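Student: Full structure from sequences and hints, please.
The listed protein sequences derive, respectively, from chains A and B.
Be aware that the first sequence starts at 81, since it is given in this note's numbering, and climbs by one per residue.
Be aware that the second sequence starts at 136, since it is given in this note's numbering, and climbs by one per residue.
Possibly wrong hints are sitting among the right ones.
[Unchecked claim] The list that follows gives simulated cross-link-like pairs (lysine-lysine, DSSO-like), each with its CA atoms no further than 27 Å apart:
no., chain 1, residue 1, chain 2, residue 2
1, B, 422, A, 162
2, A, 162, A, 302
3, A, 325, A, 302
4, B, 422, A, 325
5, B, 317, B, 294
6, A, 162, A, 87
7, A, 325, A, 162
8, A, 87, B, 317
[Unchecked claim] One side only, chain B facing chain A, incomplete, derived with CB under 7 Å:
no., residue
9, 219
10, 221
11, 225
12, 232
13, 240
14, 405
15, 412
16, 416
17, 420
18, 438
Think of the hints as simulated: they come from the structure by calculation, not from any bench.
Treat the numbers as computed from the prediction; the structure is a model and nothing was measured.
Glycine included, C-beta positions come from ideal geometry on N, C-alpha and C.
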Amino acid sequence: MRIELVKRPQRSALFSMLSPFIAFALTIIAGAIMFALLGVNPLNAFEIYFVEPISQVWQLHELAIKAAPLILIAVGLSVCYKANIWNIGAEGQFIFGAIFGSIIPVLFPQFEGPLVIPLMLLLGMVGGAFYASIPALLKTRFSTNEILTSLMLVYVAQLFLDWLVRGPWRDPQGHGFPQTIQFGDSAVLPELMPDAGRANWGFVFALVAAVLIWLMMSRMLKGFEVRVLGSSPRAGRFAGFGFNKMVFFTFLLSGALAGLAGISEVSGAIGQLQPVISPGYGFTAIIVAFLGRLNPLGIVAAGLVLALTYLGGEAVQSALGISDKVARVFQGMLLFFVLGCDTLIHYRIRLIGMALTKANGTAKLEAAPKLEEAR
Amino acid sequence: MDITVNILLTIATAATPLLIAAIGELVVERSGVLNLGVEGMMIMGAVGGFGAGYLTGSPWIGLLAAIIVGALFSLLFAVMTLSLATNQVATGLSLTLLGLGLSGMIGTSFVGQPGVRLPNLDIPGLSSIPVVGKLIFGQDPVFYISIALTAAVMWFLFKTRTGLTLRSIGDSHTSAHALGIKVIRYRYLAVMFGGACAGLAGGHLSLVYTPQWVENMSAGRGWIALALVVFASWRPWRVLAGAYIFGAVWIGQLHAQAFGIPVPSQFLSSLPYLATIVVLVLISRNKRLTMMNTPASLGQPFVPDR
Numbered sequence: 081m082r083i084e085l086v087k088r089p090q091r092s093a094l095f096s097m098l099s100p101f102i103a104f105a106l107t108i109i110a111g112a113i114m115f116a117l118l119g120v121n122p123l124n125a126f127e128i129y130f131v132e133p134i135s136q137v138w139q140l141h142e143l144a145i146k147a148a149p150l151i152l153i154a155v156g157l158s159v160c161y162k163a164n165i166w167n168i169g170a171e172g173q174f175i176f177g178a179i180f181g182s183i184i185p186v187l188f189p190q191f192e193g194p195l196v197i198p199l200m201l202l203l204g205m206v207g208g209a210f211y212a213s214i215p216a217l218l219k220t221r222f223s224t225n226e227i228l229t230s231l232m233l234v235y236v237a238q239l240f241l242d243w244l245v246r247g248p249w250r251d252p253q254g255h256g257f258p259q260t261i262q263f264g265d266s267a268v269l270p271e272l273m274p275d276a277g278r279a280n281w282g283f284v285f286a287l288v289a290a291v292l293i294w295l296m297m298s299r300m301l302k303g304f305e306v307r308v309l310g311s312s313p314r315a316g317r318f319a320g321f322g323f324n325k326m327v328f329f330t331f332l333l334s335g336a337l338a339g340l341a342g343i344s345e346v347s348g349a350i351g352q353l354q355p356v357i358s359p360g361y362g363f364t365a366i367i368v369a370f371l372g373r374l375n376p377l378g379i380v381a382a383g384l385v386l387a388l389t390y391l392g393g394e395a396v397q398s399a400l401g402i403s404d405k406v407a408r409v410f411q412g413m414l415l416f417f418v419l420g421c422d423t424l425i426h427y428r429i430r431l432i433g434m435a436l437t438k439a440n441g442t443a444k445l446e447a448a449p450k451l452e453e454a455r
Numbered sequence: 136m137d138i139t140v141n142i143l144l145t146i147a148t149a150a151t152p153l154l155i156a157a158i159g160e161l162v163v164e165r166s167g168v169l170n171l172g173v174e175g176m177m178i179m180g181a182v183g184g185f186g187a188g189y190l191t192g193s194p195w196i197g198l199l200a201a202i203i204v205g206a207l208f209s210l211l212f213a214v215m216t217l218s219l220a221t222n223q224v225a226t227g228l229s230l231t232l233l234g235l236g237l238s239g240m241i242g243t244s245f246v247g248q249p250g251v252r253l254p255n256l257d258i259p260g261l262s263s264i265p266v267v268g269k270l271i272f273g274q275d276p277v278f279y280i281s282i283a284l285t286a287a288v289m290w291f292l293f294k295t296r297t298g299l300t301l302r303s304i305g306d307s308h309t310s311a312h313a314l315g316i317k318v319i320r321y322r323y324l325a326v327m328f329g330g331a332c333a334g335l336a337g338g339h340l341s342l343v344y345t346p347q348w349v350e351n352m353s354a355g356r357g358w359i360a361l362a363l364v365v366f367a368s369w370r371p372w373r374v375l376a377g378a379y380i381f382g383a384v385w386i387g388q389l390h391a392q393a394f395g396i397p398v399p400s401q402f403l404s405s406l407p408y409l410a411t412i413v414v415l416v417l418i419s420r421n422k423r424l425t426m427m428n429t430p431a432s433l434g435q436p437f438v439p440d441r
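Tutor: Below, the structure written as structure tokens:
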């Protein structure tokens, strides 16, 4: 059997819309097989995984908490990827945003008032953008591959955070636990509806960022520049768009958004710095960006779906005793299927060999190679 | 003297997985395919190797399983990028993400279990020669495989007709296709060779380096292997040199930590990653060298038209 791709005369609008849904359906099927292999009734598992975690209002708030960083990071990454620039170190930029933003509550806890939160958020964005500027600088100045440098910096950021919370920033009254002091009241991101659940302003930031980036990409010259440079760097040069400027723009933008996500997470959901502050948001956001078809509004929906995979992972772990790594597997499969289904937008897929043998029986078997030659 | 020998031995052990994974990826990239899933294939090889070794009690079966798991896992990438012409960067990333998740799930029951270790080579007489005996005749079997593999790949790529064909595909898949070369078939085989190598490297981690299963035990080595290929400007012998330099950095920081050097351990631990960035910058500064050696169709999807 062989797969052959036939180029469509133009991209298929139908599959462009359908492909995330097909991918999701395929993930469900593969997931059902996986649960069955683990000896769990798939229907039962799916109910625990996808339905129960969002059946009550407070749980929807938890969903928003998980979705906020994913959406914030992913909308930034979508601009990078549209420009064909590969920032995959958002996890590190997230951590540096959290560290920079925490300077105020950790080092100046006596500083209080309504200015604290805006300053923290600003510092968070600066931190993320600063950390993202390193691979951008290396790429523009020395044409060093940004994929590898941005990824290596993730490990460095994780170790740096680990050193901070075990060393100079450790809470002296923390009984030796590796963590900073609890942030003061004015350094905690307020909850949206404290009576209903824990969701905080981070989710609002995510929605605002998505709308703003959507406006930029679809209505402004900058968005056009990103798309032109991404699909044809040569055409971009002729139009006078600078490639190096674009590298900095996309890295600083995505870094700042990842940094904002980092400080929002620490100030809103966690309340202090710890050695580990992210369950891989920076990497999962890559999946969110692609599942959302690199469209900021699609990314909002995709962020909610991926947030649900985190909650579902926790749910099956406590209910069925399956490792919560199952969430990672779901996320990985989803990205695979999304990328595969995206092929359908540009190509028609034909299976050669199997279809012939099945349709025409064995008599035509010998004719099949000749048919191919004739083509 | 003994200390020097021991340090050299540990450097070789640390360099071996980097070397094997990088040599595999070198062949893949020479064929014009960029597989960023090395980390994922490596960790799958590690968990597969540990699991098979643990269940059967034989480290050799474990090693074989690691190779097979790596190759099969890379097949997933091959189908996606070669048959479905998906974006290679994104697909490679998703292979890594899937591998890290899947290995964590498969490995849950292996955590804390005692593993099996591949025995070191021991040739009576030869292995007990002072100094060189242990270095040349007393290392783990995978070390010898890694050296042989490097030599074999060097010979294959630059001395055989098939190797020349493979390189020509990497430089221009359209011309190769026009000459009637089966581009996709070559690339399938190259990708699976790379997967087998990454799996073997992972098997080395869980069967030789630290004979146990620890989640995320590849610790970025797959990414360093990718960087090594760029650092080596796609030349096998430079990969060998690079892998040993990195092995030395890796071991050096561990020894520095053990000696209690007054630098926080986290800074020492981040040295291999920082070193990767530094060498990448140094090598990519020289644009002519990079341009000359980079396979010209690296990373570009290819759909044969007829």
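Student: So which hints don't hold here, by number, going up?
Tutor: Nothing - there is no hint that the structure violates, so all of them hold.
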